[in-house]
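Fit chain S to the known structure of chain C by using the hints.
2 protein chains.
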Amino acid sequence: MDFKIEHKDTKSNARTGVITTDRGEIKTPIFMPVGTIGSVKGVHQQELKYDIKAQIILGNTYHLYLRPGLDVLRQAGGLHKFINWDRPILTDSGGYQVFSLSANRKLSDKGAAFSSHIDGSKHLFTPENVIDTERIIGSDIMMVLDECTPYPCDYEYARKSLNLTHGWLKRAFAHYKNTDNLYGYSQALFPIVQGSVFKDLRKESAEVIASYNAEGNAIGGLSVGEPVEDMYEMLEVVNNILPKDKPRYLMGVGTPANILEGIALGTDMFDCVMPTRNGRNGMLFTKNGIINIKNQKWKTDFSPIEEDGASYVDTQYSKAYLRHLFAVNERLGAQIASMHNLAFYLWLVTEARQKIETGEFSSWKNIMVTKLMSRM
Amino acid sequence: MDFKIEHKDTKSNARTGVITTDRGEIKTPIFMPVGTIGSVKGVHQQELKYDIKAQIILGNTYHLYLRPGLDVLRQAGGLHKFINWDRPILTDSGGYQVFSLSANRKLSDKGAAFSSHIDGSKHLFTPENVIDTERIIGSDIMMVLDECTPYPCDYEYARKSLNLTHGWLKRAFAHYKNTDNLYGYSQALFPIVQGSVFKDLRKESAEVIASYNAEGNAIGGLSVGEPVEDMYEMLEVVNNILPKDKPRYLMGVGTPANILEGIALGTDMFDCVMPTRNGRNGMLFTKNGIINIKNQKWKTDFSPIEEDGASYVDTQYSKAYLRHLFAVNERLGAQIASMHNLAFYLWLVTEARQKIETGEFSSWKNIMVTKLMSRM
Numbered sequence: 001m002d003f004k005i006e007h008k009d010t011k012s013n014a015r016t017g018v019i020t021t022d023r024g025e026i027k028t029p030i031f032m033p034v035g036t037i038g039s040v041k042g043v044h045q046q047e048l049k050y051d052i053k054a055q056i057i058l059g060n061t062y063h064l065y066l067r068p069g070l071d072v073l074r075q076a077g078g079l080h081k082f083i084n085w086d087r088p089i090l091t092d093s094g095g096y097q098v099f100s101l102s103a104n105r106k107l108s109d110k111g112a113a114f115s116s117h118i119d120g121s122k123h124l125f126t127p128e129n130v131i132d133t134e135r136i137i138g139s140d141i142m143m144v145l146d147e148c149t150p151y152p153c154d155y156e157y158a159r160k161s162l163n164l165t166h167g168w169l170k171r172a173f174a175h176y177k178n179t180d181n182l183y184g185y186s187q188a189l190f191p192i193v194q195g196s197v198f199k200d201l202r203k204e205s206a207e208v209i210a211s212y213n214a215e216g217n218a219i220g221g222l223s224v225g226e227p228v229e230d231m232y233e234m235l236e237v238v239n240n241i242l243p244k245d246k247p248r249y250l251m252g253v254g255t256p257a258n259i260l261e262g263i264a265l266g267t268d269m270f271d272c273v274m275p276t277r278n279g280r281n282g283m284l285f286t287k288n289g290i291i292n293i294k295n296q297k298w299k300t301d302f303s304p305i306e307e308d309g310a311s312y313v314d315t316q317y318s319k320a321y322l323r324h325l326f327a328v329n330e331r332l333g334a335q336i337a338s339m340h341n342l343a344f345y346l347w348l349v350t351e352a353r354q355k356i357e358t359g360e361f362s363s364w365k366n367i368m369v370t371k372l373m374s375r376m
Numbered sequence: 377m378d379f380k381i382e383h384k385d386t387k388s389n390a391r392t393g394v395i396t397t398d399r400g401e402i403k404t405p406i407f408m409p410v411g412t413i414g415s416v417k418g419v420h421q422q423e424l425k426y427d428i429k430a431q432i433i434l435g436n437t438y439h440l441y442l443r444p445g446l447d448v449l450r451q452a453g454g455l456h457k458f459i460n461w462d463r464p465i466l467t468d469s470g471g472y473q474v475f476s477l478s479a480n481r482k483l484s485d486k487g488a489a490f491s492s493h494i495d496g497s498k499h500l501f502t503p504e505n506v507i508d509t510e511r512i513i514g515s516d517i518m519m520v521l522d523e524c525t526p527y528p529c530d531y532e533y534a535r536k537s538l539n540l541t542h543g544w545l546k547r548a549f550a551h552y553k554n555t556d557n558l559y560g561y562s563q564a565l566f567p568i569v570q571g572s573v574f575k576d577l578r579k580e581s582a583e584v585i586a587s588y589n590a591e592g593n594a595i596g597g598l599s600v601g602e603p604v605e606d607m608y609e610m611l612e613v614v615n616n617i618l619p620k621d622k623p624r625y626l627m628g629v630g631t632p633a634n635i636l637e638g639i640a641l642g643t644d645m646f647d648c649v650m651p652t653r654n655g656r657n658g659m660l661f662t663k664n665g666i667i668n669i670k671n672q673k674w675k676t677d678f679s680p681i682e683e684d685g686a687s688y689v690d691t692q693y694s695k696a697y698l699r700h701l702f703a704v705n706e707r708l709g710a711q712i713a714s715m716h717n718l719a720f721y722l723w724l725v726t727e728a729r730q731k732i733e734t735g736e737f738s739s740w741k742n743i744m745v746t747k748l749m750s751r752m
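One line per chain: the protein sequences are C and S, in this order. If you read the first sequence in the working numbering, its first letter stands for residue 1, the second for the next number, and so on. If you read the second sequence in the working numbering, its first letter stands for residue 377, the second for the next number, and so on.
Next up, chain C with everything else stripped away, as it sits in the complex (with noise of 0.2 Å):
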């Protein structure tokens, strides 16, 4: 995996890069939708391709690792020729879903023992055997198992915490220089920062990951619950001492001003369920606002869902019919919303990068901020 810097802003730390994966380039910053489980939900990969145009999606690893089962992937020969999906993907690992899915859980230095949620068989996950699923299921982009502090979390419990995490992420990359990719694509491995809200805690944990020089590296225990200023500061805290020439990615975030101010603080890389699952509740971002289709008020409104909106739904369907398909609960509806807003969050990094190409990020950031989470 290579990554290059193409651009910097020159009033923030936002940069525009293009990593080159075995499958393609992505051009950063960018926002990856999140394929839970083999499927971005209600869409189909062409549309994905062609229309949202997304350049990695991800893929959860403890899901994955449940159904279909390793078994399956193997045969399959990987993720990609599984779903289908020819260009890059990432996959977590795990350790989120152990902590928020399933049930049992215990932690210790050998890794994350659980019981699943589907049908409460037992597993474990050690920092070894993720990176042997990740290697099944040929992800261009792995993740270490960490623990993804929750919030509030207090401050014995994330430097116990800390020390489990730094603890794996040796037998981690140990693993992973001592494993190779079984399709002939290789590889990257990405370390976690964690430490939750403690400064002293995220300073120490940046440089314990910057030290192993990754290929990328990733930010986590973010956006679960903390006060936005404080996910910012941390970020700011991190990304100063993240490698400056390798991409930064905060992973699970977020809204499309999280989005923003991350890339002004120099994060390159972010995924998230938001796009989908809050479209699927009838949620709508859009340039100038957020739309609550179910609201009564575009009951007749016949204009487009978005008039220069970046998927071809937005001209295809208007706000009324929209709405009447969340209100007699036609899956069409759920469909069309998660089109517009990933194809929306695509949009929204894509003009980023070119605002950050032009020097006019900054101004158009603050501009964009207040107007994105405004509702219509």
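Since the hints were made in silico from the structure, they are not lab data. Glycine residues also receive a C-beta, built at the ideal position from the N, C-alpha and C atoms. There's no promise every hint is true.
[Stated by the list, open to error] Not close to chain S: a few residues of chain C, all C-beta gaps over 12 Å, as computed:
(1) Glu-6
(2) Asn-13
(3) Phe-99
(4) Leu-124
(5) Lys-170
(6) Leu-182
(7) Ala-257
(8) Thr-315
[As the list claims (entries may be wrong)] When the alpha-carbon atoms are kept at most 27 Å apart in a straight line, the in silico BS3-like pairs for lysine-lysine are as follows:
(9) Lys-41(C) - Lys-380(S)
(10) Lys-41(C) - Lys-747(S)
(11) Lys-675(S) - Lys-81(C)
(12) Lys-417(S) - Lys-53(C)
(13) Lys-299(C) - Lys-498(S)
(14) Lys-417(S) - Lys-294(C)
(15) Lys-425(S) - Lys-53(C)
(16) Lys-287(C) - Lys-8(C)
(17) Lys-425(S) - Lys-49(C)
(18) Lys-429(S) - Lys-49(C)
(19) Lys-546(S) - Lys-536(S)
(20) Lys-380(S) - Lys-425(S)
(21) Lys-41(C) - Lys-673(S)
(22) Lys-122(C) - Lys-675(S)
(23) Lys-53(C) - Lys-106(C)
(24) Lys-110(C) - Lys-177(C)
(25) Lys-294(C) - Lys-457(S)
(26) Lys-663(S) - Lys-384(S)
(27) Lys-299(C) - Lys-457(S)
(28) Lys-546(S) - Lys-670(S)
(29) Lys-294(C) - Lys-498(S)
(30) Lys-81(C) - Lys-673(S)
[Stated by the list, open to error] Partial pick of chain S residues on the chain C-facing surface, computed with a CB cut under 10 Å:
(31) Lys-380
(32) Ile-381
(33) Lys-384
(34) Ser-388
(35) Val-416
(36) Arg-443
(37) Ala-452
(38) Ser-562
(39) Lys-575
(40) Phe-678
For chain S alone, kept in the frame of chain C given last:
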């Protein structure tokens, strides 16, 4: 509306033709996907048009009358504009849903009084106001209000019901002739043959219906639980009487085999929720038989859904992947299965058309009806 017969099969009553409406041509025999409440479930309008190649779709008057309601539809300029579909639309009369969905229904000479299945509100459908509703919807082919008799149904009830249906029919046509379309596209009105499984009633009804010399004629009250032989027998009786030079529409039917037999008996138009409803449950219709995609046997079958299938999804996704999507309850599974089945149904009627043209229909049909209903 115009109907031109192009080819007649010599060994059966099958024929090919072209229906011309103000919104374009429909090549018969044709299958019409059901867009119940303004959406063919799980399928985008563009997919319906360019991938599935639907020439005409259905809308349900009962559902559309309740939601979005006539005000919205009128302001939208009709259903075509509301949902953005520029090819023909056929609407049923709502009678069937009044009997199958609503509560407290009371039939009288006046019409069908019922309570909405959504909020219990009281409504009355009359032969006249159903036409008015269909005028507001703006469908290219409208249906008259009728009573669809249940099965089983005793002779006495069927007799009484038929009188009611014929009484309503007279008023419907009188009102039809006294009203005009609202959007500049002419609208045909089809009368409906009823009579349950009683030959004499079906005969009588077909004669009454034929006497209207309508632009097309429909056969209702079949495929409601009666043995399939009864359905074919009634269809034969009725099609012998209905004008040969007008399209014959068998309502709500059916399996791929039912459709081929229906074509052999001289039927030109079909609609059914089966491709989408069964698709959502994991049942796929293919050239070689029925696939229950949830079955364990497809778990590691990485071959295309259907090698030479009619939809792009057939080669885009594998059986193993589609099975996985159903196993993890991902909505993309239902979307893929719905598209596959609809494209298959459209392929089937197109293929039947070609076989009629080349004189191979009867022998092909006999092979296909067995093959289509076998389990893979």
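Against the structure, the hints:
Distance to chain S confirms Glu-6(C) as a non-interface residue, since its nearest Cβ pair spans about 34 Å, more than 12 Å. Taking the minimum C-beta to C-beta distance to chain S, about 38 Å, the non-interface status of Asn-13(C) holds against the 12 Å cut. Against chain S, the non-interface label of Phe-99(C) holds: every CB pair exceeds 12 Å, the least being about 20 Å. Leu-124(C), annotated as away from the interface, keeps every beta carbon of chain S farther than 12 Å; the closest lies near 22 Å.
Every CB of chain S is more than 12 Å from the CB of Lys-170(C) (nearest about 34 Å), matching its label as outside the interface. Listed as outside the interface, Leu-182(C) is consistent with that label: its C-beta sits roughly 16 Å from the nearest C-beta of chain S, beyond the 12 Å cut-off. At roughly 28 Å, the least C-beta separation between Ala-257(C) and chain S is larger than 12 Å, which holds for a residue marked as non-interface. The non-interface label for Thr-315(C) is inconsistent with chain S: the shortest C-beta to C-beta separation is roughly 9 Å, within 12 Å.
Distance restraint check for Lys-41(C) and Lys-380(S): the Cα-Cα separation of roughly 45 Å exceeds the 27 Å cut-off, and the hinted pair is therefore not satisfied. With a C-alpha separation of about 34 Å, the suggested pairing of Lys-41(C) with Lys-747(S) is violated against the 27 Å cut-off. Distance check on the hinted pair: Lys-675(S) and Lys-81(C) sit about 15 Å apart at the alpha-carbon level, within 27 Å; holds. Distance check on the hinted pair: Lys-417(S) and Lys-53(C) sit about 25 Å apart at the alpha-carbon level, within 27 Å; holds.
For the hint linking Lys-299(C) to Lys-498(S), the alpha-carbon distance of about 23 Å falls within 27 Å, and the restraint holds. Taken as a hint, the Lys-417(S) and Lys-294(C) pair is honoured in the structure, with Cα atoms around 19 Å apart against an allowance of 27 Å. Of the pairs offered as hints, the one joining Lys-425(S) and Lys-53(C) holds, with about 22 Å between alpha carbons and a cut-off of 27 Å not exceeded. Simply put, Lys-287(C) and Lys-8(C) have alpha-carbon atoms about 24 Å apart, close enough for the 27 Å limit, and the pair holds.
Only pairs whose Cα atoms come within 27 Å are accepted, and Lys-425(S) paired with Lys-49(C) is accepted, the gap being roughly 20 Å. Among the hinted pairs, Lys-429(S) with Lys-49(C) is consistent with the structure: their alpha-carbon atoms are about 22 Å apart, no more than 27 Å. Under the criterion of a C-alpha separation no larger than 27 Å, the hint pairing Lys-546(S) with Lys-536(S) is consistent with the structure, at around 16 Å. A hinted pair counts as satisfied when its Cα atoms are at most 27 Å apart, and Lys-380(S) with Lys-425(S) qualifies at roughly 23 Å.
Between Lys-41(C) and Lys-673(S) the alpha-carbon distance is near 25 Å, which keeps this suggested pair within the 27 Å criterion. Of the supplied pair hints, the one linking Lys-122(C) and Lys-675(S) holds, its CA atoms being roughly 23 Å apart against a limit of 27 Å. Proximity of Lys-53(C) to Lys-106(C) is assessed by CA-CA distance (about 40 Å); at most 27 Å being required, the pair is judged violated. Straight-line distance between C-alpha atoms of Lys-110(C) and Lys-177(C) comes to about 19 Å, which keeps the hinted pair within the 27 Å bound.
Taking the CA atoms of Lys-294(C) and Lys-457(S), the gap is about 20 Å. The hint holds against a cut of 27 Å. At roughly 24 Å between alpha-carbon atoms, Lys-663(S) and Lys-384(S) fall within 27 Å of each other, so this suggested pair holds. Between the alpha carbons of Lys-299(C) and Lys-457(S) the distance comes to roughly 15 Å, so the proposed pair stays at or under 27 Å and holds. Between Lys-546(S) and Lys-670(S) the alpha-carbon distance is near 49 Å, which puts this suggested pair outside the 27 Å criterion.
Proposed proximity of Lys-294(C) and Lys-498(S) is supported: the alpha carbons are some 25 Å apart, at most 27 Å. Between Lys-81(C) and Lys-673(S) the CA atoms are separated by roughly 19 Å; this keeps the pair inside 27 Å, and the hint holds. About 33 Å separates the beta-carbon of Lys-380(S) from the nearest beta-carbon of chain C, more than 10 Å, and the hint is not met. At about 36 Å, the closest approach between the beta carbon of Ile-381(S) and any beta carbon in chain C exceeds 10 Å, and the interface hint on this residue is violated.
Among the interface hints, the one on Lys-384(S) is violated; its C-beta lies about 39 Å from the nearest C-beta in chain C, farther than the 10 Å criterion. Hint status for Ser-388(S): violated, given a least beta-carbon distance of 38 Å to chain C, over 10 Å. The criterion of a C-beta within 10 Å of any C-beta in chain C is met by Val-416(S), whose closest approach is roughly 8 Å, and the hint holds. The restraint placing Arg-443(S) at the interface with chain C holds, with a minimum CB-CB distance near 5 Å, inside the 10 Å limit.
Hint status for Ala-452(S) relative to chain C: holds, with the closest Cβ pair at about 6 Å, below 10 Å. For Ser-562(S), the interface hint is violated, the least distance from its beta-carbon to any beta-carbon of chain C being 24 Å, above 10 Å. A least Cβ separation of about 40 Å between Lys-575(S) and chain C goes past the 10 Å threshold, and the interface hint is therefore violated. Because the beta carbon of Phe-678(S) sits about 6 Å from the nearest beta carbon in chain C, less than 10 Å, this interface hint is met.
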